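Peer 1: In the working numbering, the protein residues as written are 1 to 55.
Worth double-checking, as some hints may not be accurate.
[To be verified] Listed next, with one range per pair, are the computed distances between beta-carbon atoms:
| no. | residue 1 | residue 2 | range |
| --- | --- | --- | --- |
| 1 | 8 | 40 | 13 to 23 Å |
| 2 | 32 | 7 | 33 to 43 Å |
| 3 | 7 | 43 | 19 to 29 Å |
| 4 | 29 | 7 | 16 to 26 Å |
| 5 | 46 | 9 | 16 to 26 Å |
| 6 | 29 | 5 | 17 to 27 Å |
| 7 | 5 | 27 | 41 to 51 Å |
| 8 | 13 | 35 | 20 to 30 Å |
| 9 | 29 | 9 | 37 to 47 Å |
| 10 | 9 | 45 | 26 to 36 Å |
| 11 | 7 | 27 | 22 to 32 Å |
If you are wondering where the hints come from, they were derived from the structure by calculation, not from laboratory data.
Please read all numbers here as calculations on a predicted model, not as lab measurements.
Note that the Cβ used here is the ideal one computed from N, Cα and C, for glycine as well.
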Amino acid sequence: TRSSRLLTGCFADPAPTRRIALAMRTGAARAAEYAQLAAALREAMRDLPVRPVAH
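Build the full structure now, drawing on both the sequences and the hints.
Peer 2: Structural data, given as structure tokens:
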């Protein structure tokens, strides 16, 4: 349906920027889920004009 379509657009220069961070405690019970989320974010950003700070 029309309401379920995803539309994208470009910002005018200068485009806004964002930093996204994931942090967890050593020995976190959900460490595997955090690792999966980090991998999914890296994959999603792979073809975007982004510059990873660290991982």
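Peer 1: So the hint says 17 to 27 Å: do the beta-carbon atoms of residue 29 and residue 5 match that?
Peer 2: 38 Å, violated
Peer 1: For residue 32 and residue 7, compare the CB-CB distance with the range 33 to 43 Å and indicate the outcome.
Peer 2: The hinted range 33 to 43 Å holds for residue 32 and residue 7, with Cβ atoms some 34 Å apart.
Peer 1: Between residue 8 and residue 40, is the Cβ distance one that fits in 13 to 23 Å?
Peer 2: 19 Å, holds
Peer 1: For the pair residue 29 and residue 7, does the Cβ-Cβ distance stay inside 16 to 26 Å?
Peer 2: Between residue 29 and residue 7, where Cβ atoms are some 38 Å apart, the hint is violated.
Peer 1: Within 20 to 30 Å or not, the Cβ separation of residue 13 and residue 35?
Peer 2: 36 Å, violated
Peer 1: Using the C-beta atoms of residue 5 and residue 27, is the stated range 41 to 51 Å upheld?
Peer 2: Between residue 5 and residue 27, where Cβ atoms are some 43 Å apart, the hint holds.
Peer 1: Within 16 to 26 Å or not, the Cβ separation of residue 46 and residue 9?
Peer 2: Holds - the Cβ-Cβ distance for residue 46 and residue 9, about 21 Å, lies within 16 to 26 Å.
Peer 1: Taking 26 to 36 Å as the hint, is the beta-carbon distance of residue 9 and residue 45 inside that range?
Peer 2: Violated, since residue 9 and residue 45 (Cβ atoms, about 18 Å apart) do not stay within the stated range.
Peer 1: Holds or violated: the 22 to 32 Å window for the beta-carbon distance between residue 7 and residue 27?
Peer 2: Violated, since residue 7 and residue 27 (Cβ atoms, about 42 Å apart) do not stay within the stated range.
Peer 1: A range of 19 to 29 Å was offered for this pair. Does it hold for the Cβ distance of residue 7 and residue 43?
Peer 2: With a Cβ separation near 22 Å, residue 7 and residue 43 satisfy 19 to 29 Å, so the hint holds.
Peer 1: Given a hint of 37 to 47 Å, does the C-beta separation of residue 29 and residue 9 actually sit inside it?
Peer 2: Given range 37 to 47 Å: holds, Cβ gap about 40 Å.
Comparing the model with each earlier hint shows violations of hints 4, 6, 8, 10 and 11; every other hint is respected.
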